[in-house]
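Next come the chains, spelled out residue by residue.
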Amino acid sequence: GAVVSQHPSWVICKSGTSVKIECRSLDFQATTMFWYRQFPKQSLMLMATSNEGSKATYEQGVEKDKFLINHASLTLSTLTVTSAHPEDSSFYICSGRKTGGRGAFFGQGTRLTVV
Amino acid sequence: DAKTTQPNSMESNEEEPVHLPCNHSTISGTDYIHWYRQLPSQGPEYVIHGLTSNVNNRMASLAIAEDRKSSTLILHRATLRDAAVYYCILNYGGSQGNLIFGKGTKLSVKP
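Chains S and B are the protein sequences, given in the same order. Be aware that the first sequence starts at 1, since it is given in the numbering used here, and climbs by one per residue. Be aware that the second sequence starts at 1, since it is given in the numbering used here, and climbs by one per residue.
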């Protein structure tokens, strides 16, 4: 199957700082990338969908100015959590979909802890 | 996106088959049925997907009801490494649909 790599796997940051998470499709071109957030013992919640070269589409209730998504190439998308606060601590997961494909391939996730 | 209903949890013994059910009574004609699983502290892993016919791959089998309102993921011989949360998701037939996760079924495998 196709491989999606996220970096970093975990990060600890101070409250008020910004954190960038990278998501790379290693062996395929991801026309569409998805970003999810998962709190402990809960399911994945879709945050936003981005198509290469276009602005991301955010789900209701997700602040686009706080969670900046860039999908500048077919193999790279980034999520920047700006002015992070402890309540932003969560497991962030990206996934990529091949051009014309169904389903998606997921990264291993990034554990963000804001202290 | 159409919704799915799965049992919260199931238990199985190692080396025995496991049948994980999923109800999707509001499925539309173009919705594909996808199954993913998630091990603790990892991203979801693709398991299998299908539209109308039953599907087999090296990981599992997918049995789809004739009216497509339900499906069953079959693990033929459960191993301890199969312990995970299994998600049944419907996805629009083209490449436009989002993957919306429900609560999934937490599968425990006993040695």
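There's no promise every hint is true.
Over the 12 Å line for every Cβ pair with chain S, so calculated as not near, a few chain B residues [what the hints assert, rightly or not]:
(1) Glu16
(2) Pro21
(3) Ser41
(4) Ile48
(5) His49
(6) Asn54
(7) Glu66
(8) Ser70
(9) Gly97
(10) Gly102
Quick list of in silico lysine to aspartate or glutamate cross-link-like pairs, EDC-like style, CA-CA up to 20 Å [claimed, not checked]:
(11) Lys103/B <-> Asp27/S
(12) Lys41/S <-> Glu11/B
(13) Lys3/B <-> Asp65/S
(14) Lys41/S <-> Asp82/B
(15) Lys98/S <-> Glu45/B
(16) Lys41/S <-> Glu15/B
The hints are simulated quantities; they were obtained by calculation from the structure and are not laboratory data. Given the structure is predicted, the values throughout are model-derived calculations rather than measurements. Glycine included, each C-beta is placed from N, C-alpha and C at the ideal position.
Note to self: Under the constraints set out in the numbered hints, which ones does this structure not fulfil?
What the structure shows: Failing hints, ascending: 3, 4, 5, 9, 10, 11, 13 and 16.
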